[in-house]
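Colleague: Below, each chain spelled out in residue letters.
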Amino acid sequence: MPARLPYAYRYLRSKKKFPHVWCPGCGIGIVMGSIIRAIDSLGWELDDILMVSGIGCTSRMPVYVDFNTLHTTHGRALAFGTGAKMANPDMKVLAVMGDGDSMAIGGNHIIHAARRNMDITAIIVNNNNYGMTGGQFSPTTPMGARTSTTPYGMIEPDFDICKLTKAAGANYVARGDVYHVIELDSIIKKALSGSGFRVVEALAPCPTNFGRANRLGDAVNMMEMLRNDTINIVQAEKLPKEKTEGKIVRGVFVDRNEIGYIERYQKLCDRVSAGVRK
Amino acid sequence: MSGIPWGETKLVQGNEAVALGALAAGIDFFAGYPITPSTEVAEILAREMPLIGKKWIQMEDEIASISAIIGASLAGGRSMTATSGPGFSLMQEGLGYACMTEVPLVLVNVMRGGPSTGLPTQVAQGDVMQARWGTHGDHPTIVLAPSDVEECFSLTIKAFNIAEEFRTPVILMPDEVIGHMREKLTFPKEEEICVTPPSSPDVPLEWYEHYHASATGVSPMAHFGSGYRFHVTGLTHDTHGFPTRKVDEVVSKMNRLKQKITRRLDVLENNKLHDVEESKVVIFCYGSVYRSALAAQKILAKQRKKVGIFRPVTIWPFPDRTVKELLDSKDVILVPELNQGQIIHEVERLTSDSVRVVPLHRYDGYEITPEQLVAAVQEVM
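Same order as they appear, the protein sequences are chains A and B. According to this note's numbering, the residues represented by the first sequence are 8 to 285, in order. According to this note's numbering, the residues represented by the second sequence are 228 to 608, in order.
I should point out that these hints are in silico values taken from the structure, not numbers from a laboratory. Some clues are possibly wrong.
Interface residues of chain B toward chain A, partial, derived using beta-carbon atoms under 7 Å [to be verified]:
(1) Trp233
(2) Gly253
(3) Phe256
(4) Ile296
(5) Ala302
(6) Tyr324
(7) Thr460
(8) Phe469
(9) Lys507
Ranges between beta-carbon positions, derived for each pair [unchecked claim]:
(10) B:Ser343 with A:Gln242: 50 to 56 Å
(11) B:Cys421 with A:Leu19: 40 to 46 Å
(12) B:Asp475 with A:Thr140: 24 to 30 Å
(13) B:Asp288 with A:Pro164: 22 to 28 Å
The beta-carbon is built from N, C-alpha and C at its ideal position, and this holds for glycine as well.
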């Protein structure tokens with residue numbers, strides 16, 4: 008046995024779980040790597056973490072990691088997570104979801120989790136389509152893009168995950184991508200380090216479905232697009248507007264320290280139960 | 228009233244008794260969404276639970292509500308939700324998930340007129356088959372139907388206990404009349420209450436199987452955060468909870484889900500029988516209709532007409548064996564229901580052609596009266 012195995016093995020399930028379901032060139036595994044590195048650097052105990060997910064490619068992530076893991080129904084990760092967090096507030100709850108899972112069928116749950124400032128970190132892998140069912144359009148498919156259900160091009164405007172969750176009241180909102188991995192690691196680490204509802208949108212390529220349907224080339228080409236078509240918020244603010252136009256901005260958009268739901272509920276219990284004793 | 232008035236006699240509403248029964252059973256977590264005619268359950272718990280540091284939340288819809296209670300139950304909290312028809316329809320998704328993942332919870336469905344929005348403030352028993360088959364796929368179902376306020380209290384406690392013991396959702400289905408009526412309820416003394424403690428595994432961490440196939444089909448369940456780390460998925464899974472498509476593992480899971488109920492029917496079966504053996508005519512009923520049946524029986528007795536009453540308190544699993552044993556020799560079985568005929572098909576299934584199974588349907592939002600039952604019996608006798 009080698010003297011020092013890579014640290015990732017500590018977080019992965021050894022039996023039966025590999026190979027994973029993700030296609031070659033998929034970005035979800037990179038996000039999983041970022042999550043593991045962020046957790047490792049925080050020194051969290053495996054027992055204290057609950058990873059909850061919905062349905063879809065991203066939502067298969069919990070089966071591979073050795074935390075408490077809960078793979079739920081489509082769109083409901085945050086609702087299941089809300090119950091688990093309230094029943095056991097000591098657990099650190101991470102919800103991993105895709106763009107369809109969190110924005111379409113789970114759209115109601117995410118705006119209300121954000122409004123409540125529920126103490127959950129939501130990591131949303133945005134690959135602009137439903138991968139698991141073969142590449143249908145999602146609420147984040149860009150206008151004009153082709154998918155198996157928009158054969159003539161998308162005619163609906165897309166959701167901006169970060170603007171939506173910011174407006175709904177999340178404590179922390181950030182966007183990263185799987186090309187700029189070191190940045191993504193730090194964005195996720197920061198997301199895990201505070202209270203209230205915390206959102207990370209991680210842009211990732213789906214070369215098998217979205218890439219093929221839109222003739223975007225192979226996985227490498229799609230990674231290069233992430234390099235060329237995105238810009239860090241700090242850099243973007245320094246540049247004139249015409250130089251950043253059409254680029255997707257990465258970075259931390261919201262970092263508030265508003266009181267989270269769990270603490271607010273506890274304060275309510277303290278207040279009313281004190282009244283009972285009087 | 229605050230807390231449970233142990234040992235006292237009070238005028239109590241059915242829904243209130245459900246809420247107090249949940250508190251008596253040691254409820255830790257409630258999630259719900261407002262809906263008539265079940266709202267009092269949520270309202271009373273919203274008032275009571277924070278006082279004792281228990282968790283209560285109003286979610287954004289019924290799907291979120293049942294999802295939240297499943298999450299809470301997995302994290303070690305005794306959990307319940309309450310709803311009515313339209314909300315019950317939305318909860319079918321989570322109900323199937325809880326059956327598949329073997330998560331204990333209590334779902335209260337106070338039945339109102341349907342389909343769709345139907346008759347929100349009026350009584351019906353139209354969800355009986357939905358409770359059995361509403362969520363997709365083969366699955367276990369346990370449904371209890373109270374007929375009075377005392378049972379709203381005691382069956383709620385029982386529902387929590389059965390859920391824990393069988394590791395499965397239990398549905399409590401009062402109809403609107405039972406949920407909204409008020410009558411005298413003498414609360415038991417606190418020490419008289421029997422609450423099944425939450426299970427916990429007694430094996431070392433590495434030996435733990437979340438779905439261990441024990442003799443009863445149910446094994447002690449660990450909770451998230453307890454140190455036993457496990458995976459839960461609605462995908463068909465092996466004994467550790469990991470997804471599988473292996474034929475033997477799939478069949479074994481499906482068989483165990485079914486058999487954990489069918490092998491212990493005796494524990495679940497609960498019937499109230501009145502003069503069934505000595506009567507040639509029997510009224511087969513449940514919920515509020517039972518109350519009218521008791522009144523009708525008295526009226527008929529004065530006319531020297533003897534009728535029996537068979538009332539399943541546990542309506543699912545259906546008491547097949549007892550119905551066959553006691554009712555297959557009768558002349559007439561009258562099956563009054565507040566729907567267009569649901570449970571009657573079970574009675575027909577279990578009785579020979581020589582037995583006349585007579586329906587009495589009412590689905591206009593009002594109760595079946597004793598007079599209606601008397602008239603129906605007079606017609607067949």
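Colleague: Work down the list of hints and note, for each, if the structure agrees.
Modeller: Evaluated hints:
no. : hint                               : verdict
1   : Trp233                             : violated, 17 Å
2   : Gly253                             : violated, 13 Å
3   : Phe256                             : holds, 5 Å
4   : Ile296                             : holds, 6 Å
5   : Ala302                             : holds, 4 Å
6   : Tyr324                             : holds, 5 Å
7   : Thr460                             : holds, 4 Å
8   : Phe469                             : holds, 6 Å
9   : Lys507                             : violated, 50 Å
10  : B:Ser343 with A:Gln242: 50 to 56 Å : holds, 55 Å
11  : B:Cys421 with A:Leu19: 40 to 46 Å  : holds, 44 Å
12  : B:Asp475 with A:Thr140: 24 to 30 Å : holds, 28 Å
13  : B:Asp288 with A:Pro164: 22 to 28 Å : holds, 25 Å
The structure is inconsistent with the numbered hints 1, 2 and 9, although it conforms to all the rest.
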